[in-house]
Amino acid sequence: MASPGGQGGAGALSTRGGSGVRRMKWTLELSLGNTRSRDRQSGQGDVVYPIGYSEKPVPDTSIQETDKNLVEKRCWDVALGPLKQIPMNLFIMYMSGNTISIFPIMMVCMMAWRPIQALMSMSATFKLLESSSQQWLQGLVYLIGNLLGAALAIYKCQSMGLLPTHSSDWLAFIEPPQRMEIMGGGMVL
Amino acid sequence: MGKLILLLLNLIVLYNIVAAVFEDQVGKFDWRQQYVGKVRFSHFDTHMQSSKKVLLATESNVFAAINTRTGDLFWRHVDKTGPEGNIDAVLHHGQDAVLVVGNGRVLRSWDISVGGLNWEIVLDSGSFRSACLVGQQGTVKHAAVLKKSVISLHYLSNGHQKWVENLPESETVNYQAVHSDGNGQVYALGVVSHSHIAVVAYSAEDGEIIKQVSVEAPWLSNIPASCAVVGQGMLTCVDSTTMSIYTLDLYQQLQMIQIPLQSLGLEVDPGFQPHLVSHQPHPARQPLSEFLLQLGPDHHLLLQLNNGQIVILRDFKPALLVSFATTGEKTVAAVMSPKNKTACGINLFSAESGRRLLDTTLIFTVDPNAGKPERLHVQAFLKKDDSVGYRVMVQSEDHALTFIQQPGRVMWTREEALSDVVTMEMVDLPLTGTQAELEGEFGKKADGLMSMVLKRLSSQLIMLQTWVAHLWKLFYDARKPRSQVKNDVSIENLSRDEFNLQKMMVMVTSSGKLFGIDSKTGSILWKHYLDNIPSNAAFNLMVQRTTAHFPHPPQCTLLIKDKDSGLAALHVFNPIFGRKSQVAPPALSQPILQSLLLPLMDQDYAKVLLLVDDQYKVSAFPSTKNVLQQLQETAASIFFYLVDSSQGRLSGYRLRTDLSTEQVWEVVIPVEVQNIVSVKGKRPNEHVHSQGRVMGDRSVLYKYLNPSLLAVVTESTDLHQERSFIGILLIDGVTGRIIHEAVQRKARGPVHVVHSENWVVYEYWSTKSRRNEFSVIELYEGMELYNSTVFSSLDRPHAPQVLQQSYIFPSSISTMEATLTEKGITSRHLLIGLPSGGILSLPKMFLDPRRPEIVSEQSREENLIPYAPELIIRTEWFINYNQTVSRVRGIYTAPSGLESTCLVVAYGLDIYQTRVYPSKQFDVLKDDYDYMLISSVLFALFFATMISKRLAEVKLLNRAWR
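Chains as they are written, first to last, in the UniProt record's numbering: chain A, 1 to 189; chain U, 1 to 962.
Source of the hints: derived by calculation from the structure; they are not laboratory data. Keep in mind the model is a prediction, meaning the values are calculated, not measured. Some hints could be false.
If you only want the chain U side, here are some residues facing chain A, beta carbon under 10 Å, derived [said to hold, decoys possible]:
hint, residue
1, Tyr251
2, Phe272
3, His275
4, Val277
5, Pro281
6, Arg285
7, Leu541
8, Pro599
9, Gln603
10, Tyr605
11, Thr634
12, Ile676
13, Val694
14, Met695
15, Thr789
16, Phe791
Restraint ranges, calculated between C-beta atoms of paired labels, are given here [what the hints assert, rightly or not]:
hint, chain 1, residue 1, chain 2, residue 2, range
17, A, Tyr94, U, Gly782, 33 to 41 Å
18, A, Pro87, U, Lys955, 28 to 36 Å
19, A, Phe91, U, Thr789, 25 to 33 Å
20, A, Gln117, U, Ala952, 28 to 36 Å
21, A, His166, U, Asp923, 24 to 32 Å
22, U, Asn685, A, His166, 29 to 37 Å
Note that the Cβ used here is the ideal one computed from N, Cα and C, for glycine as well.
Produce the entire structure from the sequences given, and follow the hints as far as they go.
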């Protein structure tokens, strides 16, 4: 959207005019820090920084040994996430009961959908874990956790009777048998 | 996907029970037609000049009054069927009509203006002979009833007996007629066959015998057939053997005077029994001295008896029917004479002079599809200028009544043949041109490129033709004023509706008249009278080709079998138009035992009909080469069974390739012990959607769906209430294997059976507990299917599981049928015709042998109703609300294009057509669905979205500016 409020201008933009200045819809300032309003906002008086000067201190980017451990830890957190959810899920399952109504169905759907979604975006998770040394182990744990979550959802479906595991579930698909003999007749007229 | 939807529907269906009709739906889907039957006696109400009533007493034991202007019923009284309710005589005087009912059992008087009962008395036993009104000094106050050995006189006002006298010598003399002509005497006329006439004159005052004479008459055997009282007490008889008219003066009783017909220059047609008709305009006065004599089928004479001399007033030849009628002081004779092949002329003649009255010609057009006129009922009235005007009611051979006004305007027609429907079928209406084109194109097997192209071209040509015809009709109608454009159903604009709810009802009546009735409105679209139908014929109606095979016309075949000679004939016709088909049916020289409609089709898509003759040889119709070849190929799998109830023999036959048969099995039920009363197979067009039942633990109990299973019902010959029983046998019709046998002890018929899917429901009278009971048998294969792809009766090693349960029903029933739907998904109901005239729709759910006595978790899961021995009749289950259907004899059900809807026709004395929705209308929007509300809400929401979108845009823009 070509909105005038965007940051696409070459210089800083302002829509707020000064108190003494007649309010304008917009202005474009080609020179930085030249106006009074800018001055007031920055509150730095007439000081003009040279180009390339940053007010913020530059952090120290040299890699330290402790950071490495932190990454490992963070990666394990990611990998163990699904497993940690399981007790919670079990609790929800227990609470929602086996009746077929809208809330238990929603719970089950959510429980089933989350691991499936996670499994589908496995590659993205692997990218996250790339920096870790135990990448494969963590991946495996993550996978198992999700599979367990999915299994739990299926078990819930099973206990609610939503899985077509009985012969009665396939009853409607049985074709009527073809009759081999043609028969007719009746009382002698 | 379709299956899934069906499954879902199935689930919905299981939870539904039928609901009653709403008040505003009355008459919307249903109609009723009331009939009276074949007319035996008719009396025009002459009590008032402006009266519009005609009283009819019929052979169906109905007494009714009909509006002569419209042909509608004023009132109707339906008596018991059979000889018990038989109407022996009707005496009409003034406001009262006195009926002798049930071979002289009951005397009843009806007030004809409202149809209310004045009084009813039970007469002494003795078979009824004759009855007449007795008047004295110009007033009629009594009715005389002559029985085999007694004569009694009753007051017309209250029915009390004035006197009763024994008839003298009633062991030898056969009293046959009673006569009174207002002189205070009642004459009982009896005959000793081929010997003499006995005349006994009673005083009307006290029943004293005034005179008793016997007169030689060796030629006489039946008084009502050949005699009539004419003029001043002259008993006049005609005899064909001596070719003479005899007269006897009842007042003096000297002797019979013989007048040879030759002396009058008359001659009786050879082989014809001459007949005399006299006329007594008022019961308190003497009969006219003029009388009618019939000498041949179309030869009538108007004669006058004058001082013992007979004068010929007029000779009517040709004259089909003649009848007297009186109005005021004038008596006329109406004579119907044939004009040409399609019309008859009726003229009035003065009874006194035999002169033809001017301007009294009436033309009666004889419908070629109706029977010949049989009787003439004349209603004469005096016009303002004192001349005689008249209307006639013509009764024809096919029991139809036609009421005609001068100069030949048919005021109404009543098809009384419809009071006795024997069998019926419902046929789909043809598609419109466009629909038929599509069906014809894709509904057939491909047979070569060239023929397909030709077929397409021909069907498109037909389509073009119908389109042009339609355009022409539009153009033609546009020029006419709107009021003249008729919009009713006629045979030309018949076409199938969207959901195939409108069908053609083809009805076969016992008189041999066929009707085509539109199921939506009940209007008769075609009729066809088959003459020469024997009185005790058996009919079998089959649909050989439906309307689905455009451009081939639909085809129905009616098998008519004379039960006496055993010979049968086929009538092939188009069920939509009623026209006889060009297809020539084979001449059947051998007596036919049964017919069998095969699912095989010939190249013209007509189903093959097999006829089994008494040599157990089979002939096919149509019998083209193609058919014979198909028959040869499939002969090994064609079986049929015959049930001979007189010998108690059930036998099964197999077809050989040379169209002879061999007997495969035979079951003999000893006729000394029990009789076979009915055999019920399954309906060939029945579909069963679900192959099993889901149990509470979600396993499946598979149904035993044997298409060739027969339910045979037997009743014991011993009717003693301790020893009588009924038996039910389930036999496989192919192998003769007895699947199940049940005997209900201390039970008696009549048994009504319905056999469908995997269940048999039957109803009987329990003599032990004196109540009607229902019993249901269900057959299951078990938890496993033996063979899920094919069903062969020859390969069935395991016997099915049989479950049975019985219930008490609070009413007796007249007939029973099960609903039928297109795919068999909808739950089934039983339609029960009750003697009270109601039709009950009883959910099959209540007749389920798996209904548990103790409710468990599983049975609750299965939706089983706990067992209760009584079946309750709920008033909302009556599908015909207050439209009573008298004497229901049969109920016919047909599927419609909607799975939820089943078409029902109940026939008996009345015809009632309706629709039932056993699982409610799950596939149709409700009748009172608020289209306006829904569409306005939709539009409102749409516009609201549009507006709010615009508003949101503006708001966003404004926010961006901030």
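Against the structure, the hints come out as follows:
1. Tyr251: Check failed: Cβ of Tyr251(U) comes no nearer than 58 Å to chain A, outside 10 Å.
2. Phe272: 35 Å, violated
3. His275: 37 Å, violated
4. Val277: Violated - the Cβ of Val277(U) stays beyond 10 Å from chain A, reaching only about 40 Å at its closest.
5. Pro281: It is violated, given that the least Cβ distance between Pro281(U) and chain A is near 50 Å, above 10 Å.
6. Arg285: This hint is violated: Arg285(U) lies away from chain A, its Cβ roughly 54 Å from the closest one there, beyond 10 Å.
7. Leu541: Leu541(U) check fails; min Cβ-Cβ to chain A is 12 Å, beyond 10 Å.
8. Pro599: This interface hint holds because 6 Å falls under the 10 Å limit.
9. Gln603: 19 Å, violated
10. Tyr605: 18 Å, violated
11. Thr634: 7 Å, holds
12. Ile676: 8 Å, holds
13. Val694: With a closest approach of 4 Å, the Val694(U) hint holds.
14. Met695: 7 Å, holds
15. Thr789: 6 Å, holds
16. Phe791: 4 Å, holds
17. Tyr94(A) <-> Gly782(U): 33 to 41 Å: 38 Å, holds
18. Pro87(A) <-> Lys955(U): 28 to 36 Å: Hint violated: Cβ distance 46 Å, outside 28 to 36 Å.
19. Phe91(A) <-> Thr789(U): 25 to 33 Å: 49 Å, violated
20. Gln117(A) <-> Ala952(U): 28 to 36 Å: 31 Å, holds
21. His166(A) <-> Asp923(U): 24 to 32 Å: This hint holds: roughly 27 Å between Cβ atoms.
22. Asn685(U) <-> His166(A): 29 to 37 Å: 32 Å, holds
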